[in-house]
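Undergrad: Sequence:
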Amino acid sequence: MRWASLRAPAAELRLEHTLNNGQCFGWRRRSAEEPVWVGVLGARVLELRQTDTDTEFRCIGSLAQHISQNPKRTCAGADVETVLRTELSDYFQLERPLAPLYTRWAATDERMSRITTALPGMRVLRQEPTECLFSFICSSNNNIGRIVGMLSALRRRYGSKIDLQRPPGDVADVDAFYTFPSVDVLAAADEAELRGLGLGYRADYVLQTARALQSRSDGWLEGLRRSEDPEEVRQELCTLRGVGPKVADCVALFSLDQCEAVPVDTHVWDIACREFDPSLRECASLTPAVYARVGELFRSRFGVCSGWAHQLLFAAELPQFRSRLPEDIVEQMQLWRAEEKSLKQQAAALKKAAKLAKLAEADAETADTRI
Numbered sequence: 001m002r003w004a005s006l007r008a009p010a011a012e013l014r015l016e017h018t019l020n021n022g023q024c025f026g027w028r029r030r031s032a033e034e035p036v037w038v039g040v041l042g043a044r045v046l047e048l049r050q051t052d053t054d055t056e057f058r059c060i061g062s063l064a065q066h067i068s069q070n071p072k073r074t075c076a077g078a079d080v081e082t083v084l085r086t087e088l089s090d091y092f093q094l095e096r097p098l099a100p101l102y103t104r105w106a107a108t109d110e111r112m113s114r115i116t117t118a119l120p121g122m123r124v125l126r127q128e129p130t131e132c133l134f135s136f137i138c139s140s141n142n143n144i145g146r147i148v149g150m151l152s153a154l155r156r157r158y159g160s161k162i163d164l165q166r167p168p169g170d171v172a173d174v175d176a177f178y179t180f181p182s183v184d185v186l187a188a189a190d191e192a193e194l195r196g197l198g199l200g201y202r203a204d205y206v207l208q209t210a211r212a213l214q215s216r217s218d219g220w221l222e223g224l225r226r227s228e229d230p231e232e233v234r235q236e237l238c239t240l241r242g243v244g245p246k247v248a249d250c251v252a253l254f255s256l257d258q259c260e261a262v263p264v265d266t267h268v269w270d271i272a273c274r275e276f277d278p279s280l281r282e283c284a285s286l287t288p289a290v291y292a293r294v295g296e297l298f299r300s301r302f303g304v305c306s307g308w309a310h311q312l313l314f315a316a317e318l319p320q321f322r323s324r325l326p327e328d329i330v331e332q333m334q335l336w337r338a339e340e341k342s343l344k345q346q347a348a349a350l351k352k353a354a355k356l357a358k359l360a361e362a363d364a365e366t367a368d369t370r371i
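Here the sequence shown is numbered in my numbering, starting from 1 and rising by one per residue.
Source of the hints: derived by calculation from the structure; they are not laboratory data.
The model shown is predicted, which means the values in this text are computed figures rather than measured ones.
The reader is advised that the hints may include incorrect statements.
[Unchecked claim] List time: in silico DMTMM-like cross-link candidates among lysine to aspartate or glutamate, alpha-carbon distance up to 20 Å: (1) Lys341 with Asp265; (2) Lys246 with Glu228; (3) Lys246 with Asp257; (4) Lys161 with Glu128; (5) Lys344 with Glu282; (6) Lys344 with Asp270; (7) Lys351 with Glu340; (8) Lys341 with Glu282; (9) Lys341 with Asp270.
[Claimed, not checked] Restraint ranges, calculated between C-beta atoms of paired labels, are given here: (10) Arg104 with Ala192: 44 to 52 Å; (11) Glu340 with Ala11: 28 to 36 Å; (12) Asp175 with Thr53: 23 to 31 Å; (13) Leu335 with Ala192: 43 to 51 Å; (14) Ser279 with Arg225: 32 to 40 Å; (15) Glu282 with Ala64: 54 to 62 Å; (16) Asn143 with Glu331: 23 to 31 Å; (17) Glu232 with Val185: 23 to 31 Å; (18) Pro9 with Ala284: 43 to 51 Å; (19) Trp220 with Thr266: 26 to 34 Å; (20) Ala338 with Ser140: 21 to 29 Å; (21) Leu335 with Val290: 21 to 29 Å.
Note that the Cβ used here is the ideal one computed from N, Cα and C, for glycine as well.
Work out the full structure, taking the sequences as your base and the hints as a guide.
TA: Structural data, given as structure tokens:
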């Protein structure tokens with residue numbers, strides 16, 4: 001398939017900012033020099049290419065079974081171009097203009113204005129809910145590199161291999177690509193084997209959640225898209241094994257149309273402390289009350305699509321985007337982290353001293369008793 005235009009100007013979509021900000025784990029850039037991303041969407045392997053004025057796409061592989069069942073959806077011809085443009089427009093939520101959101105967020109304060117200028121075209125994806133759910137279950141207490149490795153192992157072991165149909169003269173890709181496994185396949189997996197793939201304790205979460213989804217009505221998970229209450233969606237998702245508030249809000253925001261869901265972890269808590277409410281520093285831990293308070297701070301400041309604004313601020317903290325930010329903002333972040341580290345060390349030292357004092361007091365009481 002030849003390259004085709006997605007009809008998304010750079011101000012509305014930047015692949016580097018959107019596919020590399022921690023909301024998805026299945027896309028990779030071919031090289032630092034080439035602005036081409038490759039990944040699996042459904043039963044196809046796609047390449048996406050950033051130009052100065054647009055995003056382009058092409059299909060380089062389709063699942064054989066998918067082709068036989070959908071003969072008009074191969075990697076050739078105008079039919080697949082139209083279908084893919086529709087699917088990618090939905091995936092990137094292109095029906096929602098980004099420019100008005102950036103303008104409104106920039107008006108909230110100078111710092112946000114400068115971040116929107118530094119990181120244009122960053123969108124929230126509308127991912128397939130099942131894949132998104134299991135992806136963020138695997139993200140628990142994890143880093144992006146290990147998450148990518150786990151999900152790649154799941155695809156390779158339980159997914160279906162996708163045949164590549166590279167354009168004539170193109171360099172063959174040494175990587176193999178696989179679909180994401182179905183709920184039924186995951187529910188039948190062996191826990192020891194899942195652990196062997198690197199999932200560790202998350203293996204039980206994957207198994208139990210897959211079996212729970214089997215027991216729900218067809219379309220239950222995707223049906224949560226119809227809810228207009230992010231709290232209701234979070235509560236429903238939290239009934240699944242391995243899903244807490246943060247994972248639930250990630251799934252809600254990145255796949256279930258809950259654009260005001262705000263996933264809160266310690267990094268987002270730090271952002272809220274630094275930018276919105278310094279009194280949050282007095283909170284000892286990220287309790288449910290603090291979690292709700294941080295989310296409301298984002299929603300009250302940014303309103304509709306506050307989850308999208310949250311993702312932009314979260315991404316600005318990531319190392320891969322640091323070089324794009326103004327130097328004084330980076331310095332402010334580094335100073336804040338240093339202060340937080342110092343405060344935590346002081347708190348740990350005080351806690352240790354109090355514990356030692358208590359032990360010393362207990363020893364003294366014991367000695368007095370013996371006398």
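Undergrad: Which earlier hints can't be squared with this structure?
TA: Result: no hint breaks.
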